[in-house]
Structures are given as structure tokens and as C-alpha cells.
Amino acid sequence: RKEVEQDPGPFNVPEGATVAFNCTYSNSASQSFFWYRQDCRKEPKLLMSVYSSGNEDGRFTAQLNRASQYISLLIRDSKLSDSATYLCVVITTDSWGKLQFGAGTQVVVTP
Amino acid sequence: DTEVTQTPKHLVMGMTNKKSLKCEQHMGHRAMYWYKQKAKKPPELMFVYSYEKLSINESVPSRFSPECPNSSLLNLHLHALQPEDSALYLCASSQETSGDTQYFGPGTRLTVL
Numbered sequence: 086r087k088e089v090e091q092d093p094g095p096f097n098v099p100e101g102a103t104v105a106f107n108c109t110y111s112n113s114a115s116q117s118f119f120w121y122r123q124d125c126r127k128e129p130k131l132l133m134s135v136y137s138s139g140n141e142d143g144r145f146t147a148q149l150n151r152a153s154q155y156i157s158l159l160i161r162d163s164k165l166s167d168s169a170t171y172l173c174v175v176i177t178t179d180s181w182g183k184l185q186f187g188a189g190t191q192v193v194v195t196p
Numbered sequence: 590d591t592e593v594t595q596t597p598k599h600l601v602m603g604m605t606n607k608k609s610l611k612c613e614q615h616m617g618h619r620a621m622y623w624y625k626q627k628a629k630k631p632p633e634l635m636f637v638y639s640y641e642k643l644s645i646n647e648s649v650p651s652r653f654s655p656e657c658p659n660s661s662l663l664n665l666h667l668h669a670l671q672p673e674d675s676a677l678y679l680c681a682s683s684q685e686t687s688g689d690t691q692y693f694g695p696g697t698r699l700t701v702l
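These protein sequences, in sequence, are chains R and H.
Each residue of the first sequence is one higher than the last, beginning at 86 in this note's numbering.
Each residue of the second sequence is one higher than the last, beginning at 590 in this note's numbering.
For reference, chain H alone in the conformation it holds in the complex (with noise of 0.2 Å):
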């Protein structure tokens, strides 16, 4: 089973809302990651976790907050977002961040108004 799942698959915020995505993964890895996807664009890396600890911040916005409670889970936290973030958010996990297969979850559709 190679199956990633993230939640909500849709979400509509306003500017000065606060929200978060959630993902989740069962299959043991010990990396998971984030991506922003734009429009005709291939995914941007956000942040890495291995082993429940952060190990790349792609220089994100403060506005982006992860968390990594787990090792099964990991949250992106979203607060006072602009229009311009709204785009597919997706995460992945590997087995480690070593050259690892990443497994891409449905992503979460965000629209920021």
C-alpha cells in the first residue's frame, strides 16, 4: 500500500482566516515533505521532515507553519495567507530522504479570497 492522504481536498479561506492541512501516511516512512503546485508548473518543495524533525525550510513564509506530531503525520498550519498562495498543496513521504521514492498524497486544493 503506497497510499498518502490528505484532508480537506478542498478549502476556501479568507485572508485573515487560520487553517490547516493535514496528511498521512501509514507505510512507515521516516521523511515526509510539503509541495505548493502552481498552475502548469511542477511542484515547489516547502519543507522536509526526517524522523519527525524539520531538515529543509525552503525559505517559506512565516505564514506556513509545519508540524510533524508523528511520524505517521504531518500538518501545514495557515495563517493571514494572500490571494497569490492559493495553488495545490501536496504532500509526500519516502522511505528516507536518501534518493527514496516519493509517494504524492490528492493534494489539497486552496483558495485564498
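With the rest of the complex left out, here is chain R (with noise of 0.2 Å):
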């Protein structure tokens, strides 16, 4: 079993639209995570870090549920400028920094 596994996607979604997707994590020791957005054949820049209260940026918000060992990412009113592979990232304590990857979830927004 993965470490952290995503629904690859496509999320197919209209412009204006909602869309929201999760990840799941196996290892409880996990301590920090973050939500990445990667372009094509661009480097992954920081989306968002998770608190466990929840958090939100603008139009985005992330939640974590430490009990079931999900995260989850709501992109509200979503843009065609949205479009992108969102990575689940999760650092484990004593992992010395090392990211534990999902593999993405593609999201494409439609005119």
C-alpha cells in the first residue's frame, strides 16, 4: 500500500464550478501537510499548508482529519487558470524532510 494515495483524476470541471478531492494517508506519526499545485513540465509550488483546524486561501480550502488520515482540497468558483496536477504531500516526524508524495490528481477546468 501506498504512503499517500490520490484519485489520479481527470476532474473534469466546468468554469465557476466546485471540485473538491481528498488523499489518504497510512502512516500516523504524519506530522505536517501541504497541498502542491505542478503545471506541465513545471516545478510543484506550494498551495497550501494543512492545519489540523482547517485553513483557507481565498478560494481554496484545505482540511485534515486525522482520525480517518485524510486531507482534503475544495477549490470554490474554480478558474481556467486552475487547471494543474495537485500533489498531497505528507512529512512523517523523524523523516529528516524527506515529502512523501501522492501521485497528483489532474484537475482540468472547462470554458
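Heads up, a few of these hints could be off.
[What the hints assert, rightly or not] Across the chosen pairs, the derived CB separations fall in these ranges: (1) H:K607 <-> R:W181: 38 to 44 Å; (2) H:E656 <-> R:K130: 40 to 46 Å; (3) H:E647 <-> R:Q154: 21 to 27 Å; (4) H:P672 <-> R:E100: 37 to 43 Å; (5) H:P658 <-> R:A105: 42 to 48 Å.
[Stated by the list, open to error] What the simulated footprint calls covered on chain R by chain H, stretch by stretch (three residues with Cβ under 8 Å from a Cβ of chain H suffice, anywhere in the stretch; the number is not a length): (6) 113 to 120; (7) 139 to 149; (8) 184 to 195.
[As the list claims (entries may be wrong)] Not the full set, but computed from the structure, chain R residues with beta-carbon under 10 Å of chain H: (9) L159; (10) L165; (11) T177; (12) W181.
Derived by calculation from the structure, the hints in this document are not laboratory data.
Since the model is a prediction, treat every value here as computed from it, not as a measurement.
Every residue gets a Cβ at the ideal spot worked out from N, C-alpha and C, and that includes glycine.
Using the hints, build the complex out of the two chains.
Structural data, given as C-alpha cells:
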């Protein structure tokens, strides 16, 4: 079983709609959680860290459920520029900063 | 400023060549990383440097040789690579290795002929 699992998609989303997707992690010692976005042939860019209480950044909302070991990302009012692959990233305690990546969820926003 | 720079952007090399990839950050971060990313796959960790010392080598073949000359610079020396080593090589940095956010450079797209 992979340490971090994501639905690869693609999620085809009409412009202006809301899309949400999850990421599950297997290691209960996971301490830090992030969502990165990656455009085709570009580097991953930090979208947001995910905090225990959940957090929002504009149209993006991230949630953490430690009991069920998953994090989620919700995108409201989708824009064409939101089309990207969203990488779920988890860091476990004492891992020397080693990121555990999910395989990524592809989102395609259509006009 | 959360900028990590990498040079060159693109590199084409033969299997007998020796080349180096360079990475620089001026955020005062003490942890720096090399990743390799193949198409449609997530990045794979290669090396971790913490306070200029190598702390993790993810069983990377010796044809890849990292070097950290100072706290701002990270190099990856390449020698006798194979075509299957063609990939996007990403550098990242973070404040420390203790779960801090990692910031990625734009990467070097390497093609080995």
C-alpha cells in the first residue's frame, strides 16, 4: 500500500464550479501536510499548508482529518488557470524532511 | 522571497560527458534537496543536505554526485549517465529538515543521448 494515495482524476470541472478531492495517508506519525500544484513541465509550487483546524486561502479550502487519516482540498469558483495537477504531500516525524508525495490529482477546468 | 534558482534550464548530454547542475537559494534555509521527476510521476527524493552535510542518500547510483559548497549552493555532478536518467531534476530548500515547507526551483530538464 502506498503511503499517500490520491485519485489521479482527471476531474473535469466547468468554469465557476466547485471541485473537491481527497488524499489518504497511511502513517499515523505524519506531522505536516501540504498541497502543491504542478503545471505541465513546471516545478511543484506550494499551494497551501494544511492545519489541524482547517484553513482557507481565497477560493481554496484545505481540511485535515487525523482520525480517518485524510486531507482534502476544495476549490470554489474554478478558474481556467486552476487546471493543474495537485500533489498531496505528507511529512512524517523524524523523516529528515523526506516528503511523501501522492501521485497527484489532475484537474481540468473547461470553459 | 521564496526563490530557488537552478541552472541550466535545459541540458543535453552524451553518456560519456561530465556536467553539473547548480542550485542556489538566499532564504537562509539550512536544508537543501535534490529530486528527480519523470513524466506523469511525482518527484522522487535523491539527496538531502542539512547544514551543508549529506544526511540522506536514497540509494542513488554513484554516477550522480552531490556537493554542497556552502549554505546557499547545491550542485549535482553528473558522469556516465544513462538514457533512462533523462528527467526533470528539481532542487528544493527548507528552513530545516523537521517538517518545514519545501520550496522548489524551476528544475533542469536533462536529456541523456
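Checklist entry - Any of the earlier hints contradicted here, and which numbers? => result Checked against the structure, the hints that fail are numbers 1, 2, 7, 9 and 10, while the rest are satisfied.
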